[in-house]
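Student: Protein sequence lines, in the order shown, are assigned to chains A and B.
Its first residue numbered 1136, the first sequence is counted upward by one per residue in this note's numbering.
Its first residue numbered 754, the second sequence is counted upward by one per residue in this note's numbering.
Everything labelled a hint here was simulated from the structure, so no lab data went into it.
All of these numbers come straight from a predicted model, not from anything done at the bench.
Idealized CB from N, CA, C, for every residue including glycine.
A couple of the hints might just be wrong.
Which residues of chain B face chain A? A partial, calculated answer using Cβ under 7 Å [as the list claims (entries may be wrong)]:
#	residue
1	Glu803
2	Tyr805
3	Ala872
4	Phe874
Under 8 Å between C-beta atoms, here's a sample of chain B residues computed to sit facing chain A [claimed, not checked]:
#	residue
5	Arg758
6	Gln760
7	Thr785
8	Gly788
9	Met808
10	Ala821
11	Arg823
12	Arg837
13	Leu838
14	Leu868
15	Val887
Derived DEER-like restraints, expressed as beta-carbon distance ranges [to be verified]:
#	chain 1	residue 1	chain 2	residue 2	range
16	A	Ala1168	B	Glu819	48 to 58 Å
17	B	Ala775	A	Arg1176	22 to 32 Å
18	A	Pro1201	B	Val887	44 to 54 Å
19	A	Glu1169	B	Thr770	42 to 52 Å
20	B	Pro891	A	Ala1168	21 to 31 Å
21	A	Thr1162	B	His853	27 to 37 Å
22	A	Pro1184	B	Ala881	32 to 42 Å
23	B	Asp765	A	Arg1173	21 to 31 Å
24	B	His853	A	Glu1169	48 to 58 Å
25	A	Glu1157	B	Arg823	37 to 47 Å
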Amino acid sequence: MIDVLYFAWVRERIGLPKERVETDAATVADLVAELKSREARYEAAFADPAAIRVALDQELADFDAPLAGAREVAFFPPMTGG
Amino acid sequence: MSVVRVQSAPFDLGAETGAFAARAAGAGAVVTFTGLVRDDTGDLQAMEIEHYPGMTDRAIRAICDEAATRWSLAETLVIHRHGRLAPNELIMMVATAARHRADAFAAAEYLMDYLKSRAPFWKKEIGATGAAWVAARPEDEDALGRW
Chain A
1136 MIDVLYFAWV RERIGLPKER VETDAATVAD LVAELKSREA RYEAAFADPA AIRVALDQEL
1196 ADFDAPLAGA REVAFFPPMT GG
Chain B
754 MSVVRVQSAP FDLGAETGAF AARAAGAGAV VTFTGLVRDD TGDLQAMEIE HYPGMTDRAI
814 RAICDEAATR WSLAETLVIH RHGRLAPNEL IMMVATAARH RADAFAAAEY LMDYLKSRAP
874 FWKKEIGATG AAWVAARPED EDALGRW
């Protein structure tokens, strides 16, 4: 089980800010593939992976990062702070 | 020492700058930068700033810690707001204090470049005719390359 968080337009496209996901995905990319196969709204949110950033346990990570041991994964567009 | 505050409430730029300078013992220079809600189109009603509560504070602290290893800094301050802001409201400020101004200027620029692209905030512009997320600009990502 892993907590999956969504922010900004990723959250809007998927329609929820957070969910708990039962998964055996080995990497972030595997989890994304699993989510995309679920429903059209996930497919829409993850249509362009280059437009999405990922954090594992609140640290920026890559899509090929392993999920083993992670409690929380977050998906969001490039940040626009400042 | 770094102070990081992520808050929805407004802040008083003058009071914050004064208090920051007062605690920057031994510093000879204070540089501040302030970001405002800019209305590019003339019909902006509000800017909504979303953030990632668990990650925001630690991401900003990591940026401040890195700045402290690169320059000789007496103090740093980052205040960043989230929530719904009106045009011309203050979004955020950074302040840096150092013995000499070169370190204070460079560190303030570094903090701003990294806050733009590595602190988990997202801005949405609410206009009279609709709302749109502010897209990250390639120049902002490129700016990190100069450090």
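Student: Indicate, hint by hint, whether the structure satisfies it.
Tutor: Right, here's what the structure says about each hint:
1. Glu803: holds (6 Å)
2. Tyr805: Hint on Tyr805 (chain B): holds, closest Cβ of chain A at ~6 Å, below 7 Å.
3. Ala872: Given a least distance of 4 Å, the restraint on Ala872 (chain B) holds.
4. Phe874: holds (4 Å)
5. Arg758: Violated: closest Cβ of chain A sits about 14 Å from Arg758 (chain B), beyond 8 Å.
6. Gln760: Gln760 (chain B) check fails; min Cβ-Cβ to chain A is 14 Å, beyond 8 Å.
7. Thr785: violated (14 Å)
8. Gly788: holds (5 Å)
9. Met808: holds (4 Å)
10. Ala821: violated (19 Å)
11. Arg823: violated (19 Å)
12. Arg837: violated (15 Å)
13. Leu838: violated (13 Å)
14. Leu868: holds (5 Å)
15. Val887: Because about 5 Å separates Val887 (chain B) from the closest Cβ in chain A, which is inside the 8 Å limit, the hint holds.
16. A:Ala1168 x B:Glu819: 48 to 58 Å: violated (34 Å)
17. B:Ala775 x A:Arg1176: 22 to 32 Å: violated (52 Å)
18. A:Pro1201 x B:Val887: 44 to 54 Å: violated (32 Å)
19. A:Glu1169 x B:Thr770: 42 to 52 Å: holds (49 Å)
20. B:Pro891 x A:Ala1168: 21 to 31 Å: With Cβ atoms ~27 Å apart, the hint holds.
21. A:Thr1162 x B:His853: 27 to 37 Å: Since the Cβ atoms of Thr1162 (chain A) and His853 (chain B) sit about 47 Å apart, the hinted range of 27 to 37 Å is violated.
22. A:Pro1184 x B:Ala881: 32 to 42 Å: Between Pro1184 (chain A) and Ala881 (chain B), where Cβ atoms are some 34 Å apart, the hint holds.
23. B:Asp765 x A:Arg1173: 21 to 31 Å: With a Cβ separation near 48 Å, Asp765 (chain B) and Arg1173 (chain A) fall outside 21 to 31 Å, so the hint is violated.
24. B:His853 x A:Glu1169: 48 to 58 Å: holds (54 Å)
25. A:Glu1157 x B:Arg823: 37 to 47 Å: holds (44 Å)
Of the hints listed earlier, those the structure fails to meet are numbers 5, 6, 7, 10, 11, 12, 13, 16, 17, 18, 21, 23, in rising order.
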